[in-house]
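Going line by line, the protein sequences match chains X and F.
To convert, note that position 31 of the first sequence is 30 in numbering that gives the first Met the number 0; the numbers rise steadily by one, no gaps.
To convert, note that position 252 of the second sequence is 251 in numbering that gives the first Met the number 0; the numbers rise steadily by one, no gaps.
Simulated from the structure, these hints should not be mistaken for laboratory data.
Predicted, not measured: the structure shown is a model, and the values here were computed from it.
Where hints are given, some of them may not hold.
To be verified - Label pairs and their calculated CB-CB ranges:
id: 1; chain 1: F; residue 1: Ser82; chain 2: X; residue 2: Phe279; range: 49 to 57 Å
id: 2; chain 1: X; residue 1: Ile163; chain 2: F; residue 2: Tyr57; range: 27 to 35 Å
id: 3; chain 1: X; residue 1: Lys30; chain 2: F; residue 2: Ser244; range: 55 to 63 Å
id: 4; chain 1: X; residue 1: Gly264; chain 2: F; residue 2: Ser244; range: 47 to 55 Å
id: 5; chain 1: X; residue 1: Leu280; chain 2: F; residue 2: Thr65; range: 48 to 56 Å
id: 6; chain 1: F; residue 1: Leu98; chain 2: X; residue 2: Gly151; range: 21 to 29 Å
id: 7; chain 1: X; residue 1: Gly264; chain 2: F; residue 2: Tyr260; range: 48 to 56 Å
id: 8; chain 1: F; residue 1: Thr65; chain 2: X; residue 2: Ile166; range: 15 to 23 Å
id: 9; chain 1: X; residue 1: Ala103; chain 2: F; residue 2: Arg131; range: 22 to 30 Å
As the list claims (entries may be wrong) - Below, in silico cross-link-like pairs of lysine-lysine (BS3-like), each with a Cα-Cα straight-line distance of 25 Å or less:
id: 10; chain 1: X; residue 1: Lys30; chain 2: F; residue 2: Lys283
id: 11; chain 1: F; residue 1: Lys283; chain 2: X; residue 2: Lys29
id: 12; chain 1: X; residue 1: Lys29; chain 2: F; residue 2: Lys28
The C-beta atom is built at its ideal place from N, Cα and C for all residues, glycine as well.
What follows is each chain in one-letter form.
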Amino acid sequence: MSTLQDTVNNWFRIPKKSWDGLLESLFGDKKALIGLTVGPAALLMLFASFLPILWALNLSLYDAGALSPTWTWVGIENYIGVLNSPSYWNAFWRSVSFGFGSVALQLVIGVGTALMLSREFRGVVLARAMIFLPYLIPTVVVGMVFRLMLNGNYGIINVFLVDIGLINQPIGWLSSGDIALPTLIVANSWKFAIFITIMVLARLQSIPNEFYEAATMNGAGPLRKFRDITLPQIKGVILLTLLLRGIWMFNKFDIIYIMTTGGPGSATTTLPIYIFEVAFLDFKLGQAGAIAGTLFAFLGAGAIVYFVGFNPAEEVGR
Amino acid sequence: MVFTDRISNRIQSTLSGILPYQERLQVRKVALYAVVVLTCAVMMFPMYWMLVASVQPYDHIVRTPTWFPTQVLAALQIDAYISVFADRNFERWYFNSVLVAVIAIVSTVGASTLAGYGLTRVQFRGRKNFARLILFSYMFPPILLAFPQYQIWRRLGLLNSYIGISVAHIAISLPFAMWMMWKFFQTVPIAYEEAAWMNGASQFHSFKDVAIPMAKPGMVAVAIFTFAVSWNDFTMATILLPDSSMQTLPPAVQTFVQQNYVYWGQIMAASTLMSIPPFLLVYKLQESILEGFRTGGL
């Protein structure tokens, strides 16, 4: 009996020990340690992120259609074609207004909500859960619920606005070209303002209470406390959020595609929707690559501002 | 600035002139609660409307709605829920979504924890540039990645595969996760590990038995973040999973919208079922979410 047990134990013990020993010796060697720790992440990012970007940039220099298997080198012709097309610039300006509008609205809602939730009151945990929820709710859910609520014939929003006397007759919020984009901005902000709320709230919670106590001792009112303590403390996170959110909203695809698919007409065709149409409906891969290339250039510009303005790597010393 | 101070002081003194201190506190409290309740109502109303629509017959949904739940209760039915399971591949889609999220979470947490440890505990050249590259990729929007990923995945046979879509999700979640773990390991004092080394423990041992247990809150935050990315993703799933049986929930819900007919009841039932995991997470783990954002600082 005991011999059998020993044998079984040995089967499991020996590999485990040598496995541990292997890891131990690898962790002991500096080069192997670097490879073992940073390696998996670097490989994943290379394959999942950088390779596709390089692929798209390379593709943008070719005339490539989905139907023809061969790519023909055309240099920057795709870029010239794209940058000369009015529909590109229309989409560009729609992206700009969607981005700016969303960020402005989200900033107001997000910071206001964060200030509210940073207070201690009974039920604050429940209130936070209710307010955080939209951030984790899938975009497709948000998009579809808003489509239902904004419908011109049976949407609850129209019923509400008529009831309180703001409008006289129901409006097709997503089906009329003039108001579709502003409507999208509002629906989008309902979900994504919460990101700013969470970021600002996390920052607010790390402000030491003594700051406020000292200010109260010196006779500062609430406004003064906000200006002299709260605002300087959250200024950095707000600026950072403005930049990152601005970039993300400029490049937002999902909620616009879900709610309007770029319509009516092309009233909500922003640049990402435009990429999708050129790549997957017109099958002009090279041109889609060129549009992606221009988006990438905007990101690069944003990144320069980010690294110069915030110097994130410096902040993380050691 | 002085002006705003003067106004604020004026309001203060007027209020204290009218009301005694205790009652002033009372008024403030009521005002705060009013704002909180209003905000919560605005945030929760779409969820309420989704629930209501999910238990109503189609012809109730597509007529002028009523505010009061009496008619809602009269017409209550769960046909839409039965239908998403009976007529659609719903359980398959749900399984796909969960599996993809699990693969993404395990890989992201694993890779970001290792990387965070390496970046704080080992000095090597190019570390700063590595960090910059990661942060730069944090700005990539899904559509910018999904379009070329489609081209590459097609050639590699990764379209319609769990690995393909998980890797796409990792591309979005890993940069932020890595940043979070990097910052998190800086808050874990190296002294504990040094103490372990003094006692003869190897670096691997101190990593496994000292560093990892202390980094757990960060890992939880990263896991939630990755879950949110994966469970939310519409763009990449739409492009990289063209086959209906391989779809995750978000693009699958979109297929309920057809040319002349929108299956509202089924959409809302599916949406409700998709909202349950986020709801549980946000209620149980909001402290971890805040903690993660606090240390992440992004």
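Of the numbered hints stated previously, which ones are contradicted by the structure, given in increasing order?
Of the numbered hints, 1, 3, 4, 5, 6, 7, 10, 11 and 12 do not hold.
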